[in-house]
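Undergrad: Protein chains in written order, with the UniProt record's numbering: chain A, 1 to 348; chain B, 1 to 348; chain C, 1 to 348; chain D, 1 to 348.
Hints listed in this document are in silico derivations from the structure and should not be mistaken for laboratory results. All of these numbers come straight from a predicted model, not from anything done at the bench. Accuracy of the hints is not assured; some may be wrong.
Heads up, simulated BS3-like pairs for lysine-lysine below, C-alpha to C-alpha not over 25 angstroms straight-line [claimed, not checked]:
no. : chain 1 : residue 1 : chain 2 : residue 2
1   : B       : LYS277    : D       : LYS60
2   : C       : LYS60     : A       : LYS274
3   : D       : LYS92     : D       : LYS63
4   : C       : LYS172    : D       : LYS206
5   : A       : LYS106    : A       : LYS165
6   : C       : LYS254    : D       : LYS206
7   : B       : LYS172    : A       : LYS206
8   : A       : LYS206    : A       : LYS172
9   : A       : LYS206    : B       : LYS254
10  : D       : LYS172    : C       : LYS172
11  : D       : LYS172    : C       : LYS206
12  : B       : LYS172    : A       : LYS172
Pulled a few chain D residues facing chain B out of the computed Cβ check, cut under 7 angstroms [stated by the list, open to error]:
no. : residue
13  : HIS50
14  : ARG54
15  : ARG271
16  : LEU287
17  : GLY344
Every residue gets a Cβ at the ideal spot worked out from N, C-alpha and C, and that includes glycine.
4 protein chains.
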Amino acid sequence: MSTEKKTVAIVGGSGYAGGEFLRLALGHPHLDVTQVTSERSAGMPVTLVHPNLRGRTNLKFRKAADLEAADIVVLALPHNSAAKRIAEFEAKGKTIIDLSADFRLKDPDVYRAVYGEDHPAPEKLSEWVYGNPELHREELRGATRIACAGCFATSVILALYPLLKLGVLLPKDVIATGLVGSSAAGASASESSHHPERAGSLRVYKPVGHRHTAEAQQELPGHFPIHLTAISTPRVRGILTTVQAWVPDGWSDKDVWSAYREVYGQEPFIRIVKVAKGIHRYPDPMLLDGTNFCDIGFEMDQDTGRVVLMSAIDNLVKGTAGHAIQSLNIAQGWEETTGLEFTGLHPA
Amino acid sequence: MSTEKKTVAIVGGSGYAGGEFLRLALGHPHLDVTQVTSERSAGMPVTLVHPNLRGRTNLKFRKAADLEAADIVVLALPHNSAAKRIAEFEAKGKTIIDLSADFRLKDPDVYRAVYGEDHPAPEKLSEWVYGNPELHREELRGATRIACAGCFATSVILALYPLLKLGVLLPKDVIATGLVGSSAAGASASESSHHPERAGSLRVYKPVGHRHTAEAQQELPGHFPIHLTAISTPRVRGILTTVQAWVPDGWSDKDVWSAYREVYGQEPFIRIVKVAKGIHRYPDPMLLDGTNFCDIGFEMDQDTGRVVLMSAIDNLVKGTAGHAIQSLNIAQGWEETTGLEFTGLHPA
Amino acid sequence: MSTEKKTVAIVGGSGYAGGEFLRLALGHPHLDVTQVTSERSAGMPVTLVHPNLRGRTNLKFRKAADLEAADIVVLALPHNSAAKRIAEFEAKGKTIIDLSADFRLKDPDVYRAVYGEDHPAPEKLSEWVYGNPELHREELRGATRIACAGCFATSVILALYPLLKLGVLLPKDVIATGLVGSSAAGASASESSHHPERAGSLRVYKPVGHRHTAEAQQELPGHFPIHLTAISTPRVRGILTTVQAWVPDGWSDKDVWSAYREVYGQEPFIRIVKVAKGIHRYPDPMLLDGTNFCDIGFEMDQDTGRVVLMSAIDNLVKGTAGHAIQSLNIAQGWEETTGLEFTGLHPA
Amino acid sequence: MSTEKKTVAIVGGSGYAGGEFLRLALGHPHLDVTQVTSERSAGMPVTLVHPNLRGRTNLKFRKAADLEAADIVVLALPHNSAAKRIAEFEAKGKTIIDLSADFRLKDPDVYRAVYGEDHPAPEKLSEWVYGNPELHREELRGATRIACAGCFATSVILALYPLLKLGVLLPKDVIATGLVGSSAAGASASESSHHPERAGSLRVYKPVGHRHTAEAQQELPGHFPIHLTAISTPRVRGILTTVQAWVPDGWSDKDVWSAYREVYGQEPFIRIVKVAKGIHRYPDPMLLDGTNFCDIGFEMDQDTGRVVLMSAIDNLVKGTAGHAIQSLNIAQGWEETTGLEFTGLHPA
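Make a model of the complete structure from these sequences and hints.
TA: If you want it as structure tokens, here you go:
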């Protein structure tokens with residue numbers, strides 16, 4: 001079987017997103033990671049940066065300039081880096097997966113408005129599939145350009161999508177509040193991520209204008225202004241997002257159940273979590289570290305027609321690298337859950 | 001000066017609210033705590049339960065049945081316990097401070113709707129002042145019945161009040177999202193507060209129907225339906241609440257600044273926190289442990305007329321015992337900040 | 001292959017040890033969990049208690065009285081429960097794995113001294129193999145009675161064993177200091193595990209007289225009094241143990257390296273962690289959640305002949321359920337690493 | 001009274017030690033902080049860096065070059081900076097308090113061995129008093145040069161001192177294991193303090209050769225080799241140190257009690273914590289954040305003559321700035337507890 005494996009090169013493999021893709025790819029039966037690049041750590045074993053992989057791999061980082069051909073090239077670069085050099089990477093591999101935001105937005109004008117500069121390769125945007133399997137499974141089959149969906153965007157999109165798909169979301173303001181762990185800010189030390197400043201903090205870091213709002217609006221078109229407030233918490237991984245939305249008069253929990261079951265009933269990585277007993281009644285990122293699940297719950301405020309949706313993911317897995325593997329599995333025609341079997345810990 | 005001190009009896013002093021009142025009262029120059037009751041711990045030193053007070057007091061718990069007269073009786077009992085026995089406590093002291101929810105709601109019908117049973121002493125409700133100094137300072141002067149405001153209610157009320165007072169809050173749904181530490185659930189061990197189940201958790205525990213909503217609606221009357229979603233976090237103390245509200249077209253941050261300065265400019269315990277530099281730009285409960293501050297920040301989304309308000313408090317101080325001391329200081333004519341000077345730690 | 005699977009019954013499956021065995025067994029290709037008992041939760045789905053397994057199993061808890069035959073019976077009962085009822089369990093399955101301390105100590109007198117009562121089935125003690133693969137691999141082959149080693153004992157034993165095996169441990173007092181997460185105290189809520197009391201705590205809970213000392217002394221015989229001080233930390237999982245031991249004059253780090261490589265060089269789950277660069281220089285339980293690794297590091301204080309050994313494990317995996325699976329794999333003749341492939345997360 | 005206040009200048013006030021001294025000094029009735037320097041933050045309000053002081057002070061940072069005279073100059077500089085410039089600071093104030101390690105060691109040879117370079121001002125070493133009030137109270141009276149004791153050193157020294165003073169410490173190796181929070185590494189962000197790398201970590205960072213060992217050996221002379229292993233934990237503040245020492249045959253807990261009561265019975269900031277009931281039986285840094293207490297506990301292992309001593313402090317208060325204030329109070333003839341009244345929080 002080893003001879004049938006696809007070779008993988010990870011560009012920018014010293015960060016958390018690249019490291020997580022590496023972890024998942026090393027355990028994936030159809031993937032063979034042959035190259036991992038890091039400008040800063042070139043020449044050093046990847047385990048120096050990702051010590052969880054000790055005993056699992058002997059790979060060393062190389063410079064991106066030394067990249068050789070691979071079946072699959074995974075780009076884990078800072079935003080706006082991949083697009084500028086995309087021709088270079090296209091020359092190295094048939095399939096390209098970008099974990100950054102560079103190819104997610106379809107409209108270059110939106111890109112400019114959100115990221116503050118012109119898109120470096122607007123003519124290529126149409127080649128890319130937005131890497132969200134639940135919304136784009138058919139487009140992903142056979143795809144060779146996958147723009148992995150953003151983590152916050154994923155938590156908002158998956159929470160709202162069934163209401164939109166079924167046409168029952170009322171055209172009122174949608175308020176999303178996202179709580180996130182420190183890994184979302186990346187692997188580089190900074191003052192705001194300094195442990196004494198962060199360990200006990202509950203810090204609103206983006207009350208308005210979060211960039212992922214544009215992704216959510218793109219994927220959930222209609223007259224539903226989506227507002228996202230992002231708050232950092234003392235967790236390391238994980239996102240918990242509450243989304244306040246408005247449904248038709250008279251809707252009950254049962255109606256919401258039906259809607260989510262209808263749309264997500266066959267999804268391998270979405271679990272509807274709304275339990276009447278015990279302490280784990282709603283989604284909780286605590287249970288999702290390392291997993292590709294998106295747990296979704298809800299509660300109706302029947303008096304007002306407001307539904308409180310809740311979604312939880314591991315931002316580095318279902319929010320980044322796991323999402324990418326799931327999309328890749330679909331693109332390559334492999335079993336969709338391959339390499340994503342880890343079920344999560346409890347207690348955790 | 002000691003002869004002028006007011007004697008204090010704390011009923012239900014083994015919980016966190018009573019313990020915090022005890023801590024603050026022991027450091028208050030005009031108070032002399034002479035009795036602390038606990039049915040479960042009667043006969044034992046209070047420091048067995050509140051080990052931070054070692055070396056600070058030799059008080060022992062007694063049973064409530066052994067309560068003697070005191071100038072001030074502080075009730076730190078479970079909800080619905082104080083009201084049932086209020087005559088008993090009125091016989092012991094001239095001034096009564098209730099830290100529970102029993103006397104906060106003015107309307108017995110609202111009480112019944114929220115707490116699911118008839119109020120045990122509805123005829124007394126009008127005697128009590130709602131213990132929120134920022135809204136009720138004048139009523140508190142000379143007051144002898146103080147119903148200390150709820151912690152979540154305080155975080156919502158103080159965030160919104162200036163907009164309401166100045167008449168600029170638009171009549172649209174207000175969405176409040178409150179993040180809270182584990183101490184808010186009290187001192188009794190339970191499955192949901194078991195450390196392995198809670199330490200890493202981000203858990204929505206009250207998506208709709210939080211009881212403090214009724215307090216907020218009472219104090220902020222008008223056509224502004226307030227919705228509160230409550231989420232537990234791994235912190236021990238603290239509440240961070242974001243409140244999404246709607247202001248007139250064209251409002252900018254500057255307008256919000258003016259409004260909050262106008263209303264809160266002289267408040268000793270409200271700090272407007274909105275800083276352009278550094279990492280501490282908005283309110284963060286991390287900085288407030290042990291303090292009586294309510295830090296308030298905001299950010300306008302000018303395109304939509306939405307303002308994101310943020311408030312942070314220590315739920316046990318500005319949310320409970322500190323609030324009570326502040327109200328008591330006003331009631332007794334003492335300097336309002338007496339005994340509440342602790343400024344908070346950094347790092348923390 | 002499914003027809004060849006061994007059936008597994010887990011007795012006492014609502015606790016953390018049983019739950020972790022269940023998680024690992026559900027992912028094990030040669031095991032088929034058919035029964036899980038819990039007196040308190042009988043009739044309820046196991047996912048109510050172990051929510052990480054949602055979507056992974058539909059098993060419901062049953063009462064132990066309803067236990068049916070299985071190939072392998074796993075006992076995850078409180079200490080001193082398994083031994084009293086051992087005949088009952090022997091009637092149900094050929095292979096029995098006990099996760100408690102009941103059959104670990106070979107000498108009933110030692111058992112009495114440590115646990116304060118007579119062993120309920122002393123005549124059976126000789127049938128059991130101490131479930132530590134690194135020390136007892138040969139005895140484990142074909143074994144049908146496996147007494148899974150204690151978590152603290154494992155951390156101490158694996159740290160010291162090479163020095164003892166090679167005969168270089170000097171006969172001086174060995175000081176072990178173990179730091180442990182809250183899951184080690186089990187799934188039952190208690191005052192000391194109440195989140196507000198534990199979240200920020202560094203609490204010595206067993207300065208002297210820890211029961212696992214007897215296990216360590218049994219497995220590491222000689223004139224090396226082992227002293228263990230146990231400290232609880234805010235982590236949920238994990239043990240980090242430092243062991244201060246004494247080696248011959250002139251020993252250097254290189255000598256220690258040689259010793260540990262000689263003894264552990266072929267061990268699939270022991271990694272020697274001593275890195276000159278980066279921030280992950282020594283073992284850290286942070287990297288081991290969910291894994292079966294025991295990471296071991298050391299540093300010589302050459303001036304004094306003291307070596308500081310460090311070992312890290314996940315107390316519920318290498319300290320309990322993973323250790324048990326590894327032992328079972330050996331006993332059954334399966335690949336030793338089967339079902340234990342999870343490599344751990346970073347960041348975590 | 002204001003006219004009698006002593007003016008204070010804090011040099012290097014943007015770090016945690018300087019910030020903590022500033023916090024305590026602002027609440028001290030006999031001190032008037034008039035200057036705080038920071039090269040990096042000169043011109044900015046101190047509250048930008050120390051946001052807990054918002055509303056408490058309007059001071060701005062200045063450059064050290066702009067330092068003016070003050071009654072008391074507090075040096076909160078990196079190690080080896082104060083001594084090089086000591087003449088400069090002596091010109092500015094009569095009393096100098098150094099929070100660094102520069103003037104703690106009396107013997108320049110020891111300094112060289114520990115810090116790897118010659119002491120810049122060896123001729124001045126004899127002028128300085130080691131700022132540990134419990135050991136040097138008499139020398140501190142009237143002192144104008146105070147070298148504040150190191151935090152780990154303090155935790156070890158105060159744990160052991162009574163045994164040494166009473167001559168009952170046996171001449172065997174003393175093993176100290178110190179657990180510390182992240183604030184001990186200072187305010188500068190680094191890879192090892194990056195929240196995702198630190199939040200879940202239990203990391204031995206100094207298994208052998210900790211520099212504070214030299215301070216402990218200086219203050220506790222005799223044939224008791226002291227070995228210190230330092231471990232970082234997820235707390236922000238606090239040190240918990242266990243010290244394993246050896247006392248005469250037959251010693252019981254009662255003997256240890258007597259010894260510690262005899263030596264520490266009158267100490268205002270040392271509490272002996274050894275409680276038979278409840279969950280707070282031994283010292284725990286959780287209870288000490290912001291306080292100047294050193295809590296000390298112990299447990300005898302009577303079979304072996306080993307005593308396990310435990311000490312807990314807030315590394316930034318009793319380990320640094322509080323210790324300094326206490327020493328200053330003695331030096332100036334003020335009540336020793338002035339400005340150090342905060343009792344700590346529970347829960348915390």
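Undergrad: Which hints, by number, does the structure contradict?
TA: none
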